[in-house]
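Enquirer: Protein chains in written order, with the UniProt record's numbering: chain A, 1 to 383; chain B, 1 to 383; chain C, 1 to 383; chain D, 1 to 383.
Hints listed in this document are in silico derivations from the structure and should not be mistaken for laboratory results. Take these hints with a grain of salt, some might be off.
For chains that are exact copies, the list does not tell them apart, and a pair is met inside one copy or across any two.
[Said to hold, decoys possible] Under the rule of at most 20 Å between Cα atoms (straight-line distance), these lysine to any residue pairs were calculated in the SDA-like manner: (1) Lys94 / Thr30; (2) Lys128 / Gly78; (3) Lys316 / Met42; (4) Lys152 / Lys254; (5) Lys336 / Val309; (6) Lys261 / Glu321; (7) Lys94 / Arg46; (8) Lys224 / Ser101; (9) Lys336 / Glu283; (10) Lys316 / Glu236.
Protein chains: 4
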Amino acid sequence: MTRKILMHVGPVTIDYEVLAAGLRGDTGFTSQEFIYAMSYSMKFLRKLMGADQSYQPFIIPGGGTSAMESVTSLLRRGDKVLVVSNGVFGDRWKQIFNRYSVAVDVIKAEPGEYVKPDDVEKAVKEEKYTLVAMTHVETSTGVRAPIAEIAKRIRDKVELIAVDGVSSVGAESVKTKELSIDVYLTASQKAIGVPPGAGLLVLSERAVSRLSDESVAGYYLNLKNWIDVMRNLEDEKGSYFATLPVHLIFMLAKAFELIEKEGLENRIKRHERVAQGIRAGIESMGLDIVAKRPEAYSNTVTAVMVKKVNPAEVLKAVIPEGLELAPGVHPALAGKYFRIGHMGWVNQNDVITTIAVLERVLKRLGEPVNLGEGVRAVQLTFT
Amino acid sequence: MTRKILMHVGPVTIDYEVLAAGLRGDTGFTSQEFIYAMSYSMKFLRKLMGADQSYQPFIIPGGGTSAMESVTSLLRRGDKVLVVSNGVFGDRWKQIFNRYSVAVDVIKAEPGEYVKPDDVEKAVKEEKYTLVAMTHVETSTGVRAPIAEIAKRIRDKVELIAVDGVSSVGAESVKTKELSIDVYLTASQKAIGVPPGAGLLVLSERAVSRLSDESVAGYYLNLKNWIDVMRNLEDEKGSYFATLPVHLIFMLAKAFELIEKEGLENRIKRHERVAQGIRAGIESMGLDIVAKRPEAYSNTVTAVMVKKVNPAEVLKAVIPEGLELAPGVHPALAGKYFRIGHMGWVNQNDVITTIAVLERVLKRLGEPVNLGEGVRAVQLTFT
Amino acid sequence: MTRKILMHVGPVTIDYEVLAAGLRGDTGFTSQEFIYAMSYSMKFLRKLMGADQSYQPFIIPGGGTSAMESVTSLLRRGDKVLVVSNGVFGDRWKQIFNRYSVAVDVIKAEPGEYVKPDDVEKAVKEEKYTLVAMTHVETSTGVRAPIAEIAKRIRDKVELIAVDGVSSVGAESVKTKELSIDVYLTASQKAIGVPPGAGLLVLSERAVSRLSDESVAGYYLNLKNWIDVMRNLEDEKGSYFATLPVHLIFMLAKAFELIEKEGLENRIKRHERVAQGIRAGIESMGLDIVAKRPEAYSNTVTAVMVKKVNPAEVLKAVIPEGLELAPGVHPALAGKYFRIGHMGWVNQNDVITTIAVLERVLKRLGEPVNLGEGVRAVQLTFT
Amino acid sequence: MTRKILMHVGPVTIDYEVLAAGLRGDTGFTSQEFIYAMSYSMKFLRKLMGADQSYQPFIIPGGGTSAMESVTSLLRRGDKVLVVSNGVFGDRWKQIFNRYSVAVDVIKAEPGEYVKPDDVEKAVKEEKYTLVAMTHVETSTGVRAPIAEIAKRIRDKVELIAVDGVSSVGAESVKTKELSIDVYLTASQKAIGVPPGAGLLVLSERAVSRLSDESVAGYYLNLKNWIDVMRNLEDEKGSYFATLPVHLIFMLAKAFELIEKEGLENRIKRHERVAQGIRAGIESMGLDIVAKRPEAYSNTVTAVMVKKVNPAEVLKAVIPEGLELAPGVHPALAGKYFRIGHMGWVNQNDVITTIAVLERVLKRLGEPVNLGEGVRAVQLTFT
């Protein structure tokens with residue numbers, strides 16, 4: 001079966017209109033077309049992030065992890081960082097900062113839970129942190145954290161707040177300016193629906209003022225090296241520090257154009273509806289969702305606990321049915337779950353297909369599933 | 001004029017067969033197709049680098065600069081590094097290492113020259129260096145260094161030798177194994193002829209044995225974090241550290257397939273012939289080439305000194321003629337030159353076009369050019 | 001919603017691997033690549049048609065109707081033709097022949113029925129016909145005729161038998177040689193899964209021997225003008241009569257390559273399974289299928305009678321749900337039905353999507369549909 | 001060498017922006033996008049033809065020859081037709097009409113010449129013709145006929161005038177309305193720069209009034225069967241007679257959009273400049289052009305007489321140099337010439353490349369060519 005859908009956590013199923021925008025054999029980084037695509041993309045990135053003109057957008061090579069590491073551009077030797085971790089990608093903040101001469105404290109939640117706002121508030125009262133680093137939607141468990149509430153509680157107690165929005169930007173409500181967050185970041189291959197290859201972030205003025213030669217950052221991911229390039233390109237002037245992913249930027253600009261056409265609010269609602277459909281289907285099959293409470297459900301990732309079958313077998317068995325899903329990666333739940341990514345250009349038809357394939361495959365592999373109940377539940381949700 | 005050629009230093013004109021290989025809306029990093037494309041690409045990368053089975057290939061997100069920075073994965077606090085710099089990208093080695101707790105010495109050549117093997121040998125005799133970092137072809141001036149001779153002179157006097165082959169791999173003779181070089185690196189958008197988005201490198205066993213938690217490297221560009229992923233993918237097993245540029249890898253694998261079909265020797269000869277044509281055309285117009293001696297001429301980049309005109313005007317004027325060239329970036333020659341990139345899928349027809357457009361544009365802008373002499377010189381070269 | 005599926009009667013949803021094969025800006029009809037693609041395609045066409053080396057394949061510009069009209073190349077002034085019509089495209093045979101100086105008799109079936117083999121046999125016994133023209137699957141009603149039985153009954157009583165396989169070739173069992181049929185034809189945009197632009201047919205030796213300047217045919221669709229071109233191209237020699245659709249031929253060759261990889265038997269089984277799923281879903285919603293008996297069900301087109309709603313409203317309402325269906329075109333059933341095409345690269349997921357969208361849309365528009373029953377029926381079929 | 005240019009008479013080198021417009025896997029002929037693309041294309045076709053609202057545009061499957069044959073829709077049994085032939089494609093008018101019950105007279109010119117307006121005028125004075133059929137640019141010899149002058153002389157003496165503009169529309173001045181021509185036709189793969197697959201024509205009101213069931217035309221190419229479809233689609237209403245080449249229409253609409261952006265006048269001037277460059281290069285090599293006088297030179301095709309070498313050898317030898325040319329097809333000049341097509345997205349760089357390759361190849365094969373003189377002549381032309 002050649003035609004598939006990719007219900008993954010990134011890359012995800014990509015619209016061919018986006019992919020075709022990268023079909024350019026003759027366009028360099030000094031061309032007006034590229035410069036315009038960058039300028040447009042940076043301007044749109046602010047809107048996508050709920051940021052205003054006071055924020056500086058960056059589009060740099062790499063992905064989510066490199067964008068996270070670029071936050072070291074704001075830190076100096078000896079700074080104290082608090083990491084609020086709800087899973088593997090929360091822990092990644094810690095692993096990154098541990099490579100640098102900064103002190104790192106971590107508050108962790110159980111898998112399926114998020115760290116309570118109370119606990120974060122308590123931590124920042126007890127200790128003076130330069131930076132609090134959080135995760136909006138934890139990709140390893142599909143848990144969405146109450147970023148707004150936490151931000152409100154800690155905003156005036158810490159210098160910088162950074163949010164990993166890798167699995168939220170473009171699919172969840174993101175209010176960088178309103179919450180006065182200093183760094184909001186994402187990656188091209190997630191809810192934006194472009195191939196992997198770029199990290200995208202916005203920096204508050206406070207964050208920008210911290211860029212300096214004294215930061216602990218290295219070279220390539222040091223935002224101080226990129227800021228003039230970003231400003232020049234936004235002003236439609238050619239500029240170079242290291243080569244940007246030219247073809248990807250054309251795809252990004254096309255995706256942003258399509259997002260603008262759909263409307264950001266509509267896009268978020270679409271993700272919400274799709275996520276509801278996925279959960280309705282999963283629950284009707286009697287399976288548990290890793291995220292433990294409805295407030296923790298995300299619009300983009302649903303992690304699913306299996307009962308009898310091996311999740312690796314599920315992932316293998318859905319492939320010939322035209323579906324690719326994502327493996328579970330949280331070590332505490334190893335061998336117990338798989339993930340369904342539902343972001344980007346995903347639609348209701350993808351939900352029906354996913355649940356239909358899962359019903360058949362899970363039943364075949366031995367889960368106690370009643371064929372037809374999952375798809376029926378989805379249909380009722382979509383009415 | 002919509003159809004152009006891109007005689008740039010990267011990205012370069014790309015064959016649409018390569019671009020079309022990335023047209024996949026439904027393929028994730030866990031898919032067999034991707035895993036196979038990575039496995040094939042890593043195996044072919046060894047051949048491209050003149051490396052053997054003892055070398056470990058890496059294909060990581062980013063480009064040339066990030067690949068250079070990943071060499072910090074081999075260094076520990078206090079290590080001494082010698083940088084051999086022939087221009088802007090030689091200096092970049094220094095700028096990178098300066099962000100880390102290592103000591104850096106630099107030997108520099110005048111623009112258009114390369115550092116003499118004697119001088120490198122003398123330096124490594126006087127001081128014990130963990131690493132000597134060099135540049136094969138200096139992209140800012142088009143100067144090719146005598147890597148083989150330098151390597152032979154210093155091999156037994158230093159622990160590690162790293163070569164930036166960004167503007168050489170795929171277009172110049174590269175003999176990593178024969179010269180016992182520890183790190184040879186390049187980027188996807190240069191002579192390999194793929195869009196920008198990946199750094200490619202091979203590490204000797206000696207280099208691999210230096211990967212450790214004690215290195216000065218950060219996280220994303222830390223090869224210790226990537227090595228298991230690379231080994232697993234080469235063995236056709238799915239693996240994840242951070243998201244690889246899936247679509248770009250499909251293009252890379254297609255480019256490697258085409259390189260294999262053309263034959264690496266033929267490809268290098270093609271670049272040689274093309275470079276000869278470019279130089280014949282430029283010289284017949286009475287213009288000087290930045291590289292000062294024939295031994296320093298490269299197969300991939302020709303930097304051209306202008307006499308009367310402003311090179312920025314030249315770059316602007318060639319665009320409506322269907323040609324995009326690269327600006328000069330060496331600060332010592334600012335405003336005095338431009339660059340012609342000739343790598344990847346470049347052919348003799350591109351040479352004729354480039355020289356024809358330059359003749360007309362330079363004459364129009366006031367250089368003393370005799371129309372027809374440049375293209376005639378190219379024709380005589382190609383007979 | 002940008003991503004759609006096209007459950008139409010042609011063009012149908014096309015795999016991007018097929019579409020990408022046409023991305024060639026530089027290939028003329030004299031190029032070896034084109035000549036090879038034609039040669040390969042003609043050879044494969046024989047297999048697809050169940051023909052052997054004694055049959056002459058043709059791939060000519062146009063589509064199904066032009067391929068039908070090219071059958072006039074076999075007729076001479078005054079010849080008698082019998083048309084066996086089960087609907088709009090059966091009648092099309094008559095409309096075509098009526099433009100020429102031949103005598104045409106027609107036997108017709110009610111919509112949803114096919115003309116009985118007995119009746120055809122009787123007709124050819126009563127009258128001497130040069131040609132009997134039939135339709136394998138009538139696209140207007142989705143009715144499949146018992147071609148094999150009819151052919152066996154009439155084979156020795158008529159000179160030539162021509163079958164319109166537009167909605168069957170590639171999805172139903174086609175046995176041109178075994179049944180000694182003289183002309184079997186199809187179009188690129190149907191079960192072969194390529195964009196519209198070519199008619200494809202095979203001619204028996206008997207049919208080839210009828211090509212002459214005395215035929216009633218015109219010029220462009222006169223197979224006598226094409227036969228040498230076809231023979232030359234199959235022998236990998238360049239040849240020209242009128243310009244062939246070069247880019248489409250590259251897509252056709254890629255589609256044939258994918259069909260060969262899937263296996264023709266597997267492909268037919270896939271269509272069968274998909275058709276069963278569609279019918280199970282439709283019937284579980286309490287809707288009638290136009291084809292009146294199971295023997296008349298086709299693997300490629302299901303025509304669906306609505307009860308209360310306007311079928312034009314259904315077609316309009318499914319579009320924003322990411323689905324495009326085909327209108328009913330049989331005048332006797334005007335305003336009473338719509339069609340679902342299920343051919344080409346169609347898969348089980350497309351069936352679930354189609355039935356899910358139809359359930360919701362039909363219910364919303366007022367049909368008495370129980371949500372979830374259609375998709376459940378499909379699931380049970382696919383277990 | 002993978003990257004080529006196609007200096008052919010159709011298909012020609014196609015811009016990838018045009019090709020990418022056809023990358024749609026999910027769009028049927030009932031979709032709004034298709035209907036809009038058809039509507040836009042028909043409206044633009046009038047402008048391209050120099051026609052006004054009183055003309056009816058048609059875009060039908062096939063190409064130039066099928067468009068020519070569709071003119072039979074205007075003829076009735078016994079009508080008299082005058083064919084004015086300057087070569088192979090002029091003769092094609094005759095071959096077509098000979099298949100129908102109409103009387104055909106032909107006036108012919110020597111190869112390289114065109115039939116004099118005097119001679120046409122004389123012919124239509126001596127005999128009453130329903131239709132005079134001419135060729136604007138004779139593709140077999142590159143000869144451009146003085147259509148305007150002929151049309152003025154004969155307009156009031158014949159009922160219908162049809163012009164084959166296959167190698168002129170989009171690249172030469174076309175004044176259908178001003179000259180009161182009844183049928184002007186072309187094909188998608190010529191100066192419009194789209195893959196082959198459609199014939200395009202406009203009909204005057206007088207021509208439209210001749211469409212009837214009494215015409216001699218067949219079925220598929222009978223414009224009476226298409227006219228309602230064309231009118232409906234122009235009015236953005238879905239309509240069907242036989243399947244249109246959906247994907248090609250998207251490419252056509254994109255090409256028309258690019259032509260509109262370039263400006264039709266600019267496009268014609270570009271073709272003129274390119275043709276001058278080609279001729280300057282050819283003449284400077286001492287080779288003769290088949291078109292005998294400057295008034296007969298066309299903007300789109302240059303036929304070149306060779307002296308010593310075999311033209312088939314030339315065509316073969318240019319291929320590995322990245323160039324594809326067209327063979328000579330005029331029987332009177334068999335083995336003595338080849339053709340250079342220069343239409344569509346052709347630019348000055350293609351001219352330099354073509355002449356450069358030809359210089360080298362012709363010299364290598366034994367023509368007395370001085371390397372460098374051809375390209376110099378082109379450069380002087382382009383200053």
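Enquirer: Each hint should be assessed against the structure and marked as holding or not.
Expert: Going down the list of hints, with the structure as the test:
When the C-alpha separation of Lys94 and Thr30 is checked against a cutoff of 20 Å, the pair qualifies neither within a copy, at 38 Å, nor between copies, at 26 Å. For the identical chains of this complex, Lys128 and Gly78 are intra-copy neighbours only, at 12 Å inside a copy versus 32 Å across copies, given an alpha-carbon limit of 20 Å. For the homomeric pair Lys316 and Met42, neither the shortest alpha-carbon distance inside one copy (39 Å) nor that between copies (25 Å) is at most 20 Å. Taking CA atoms no more than 20 Å apart as the test, Lys152 paired with Lys254 passes in neither setting, with 35 Å inside one copy and 50 Å between copies.
In the homo-oligomer, the alpha carbons of Lys336 and Val309 lie at most 20 Å apart inside one protomer (9 Å), although the nearest pairing across protomers, at 47 Å, exceeds that limit. Taking the closest pair of Cα atoms, Lys261 and Glu321 come within 20 Å of each other only across two copies (17 Å); inside a single copy the shortest separation is 33 Å, beyond that limit. In this homomeric assembly, Lys94 and Arg46 never come within 20 Å of each other (Cα to Cα): the closest approach is 27 Å inside a single copy and 34 Å across copies. Taking CA atoms no more than 20 Å apart as the test, Lys224 paired with Ser101 passes in both settings, with 18 Å inside one copy and 19 Å between copies.
When the C-alpha separation of Lys336 and Glu283 is checked against a cutoff of 20 Å, the pair qualifies only within one copy, where the shortest distance is 16 Å, while the shortest distance between copies is 39 Å. Taking CA atoms no more than 20 Å apart as the test, Lys316 paired with Glu236 passes between copies only; the shortest distance there is 15 Å, against 47 Å inside one copy.
Going through the hint list in order, the structure does not satisfy hints 1, 3, 4, 7.
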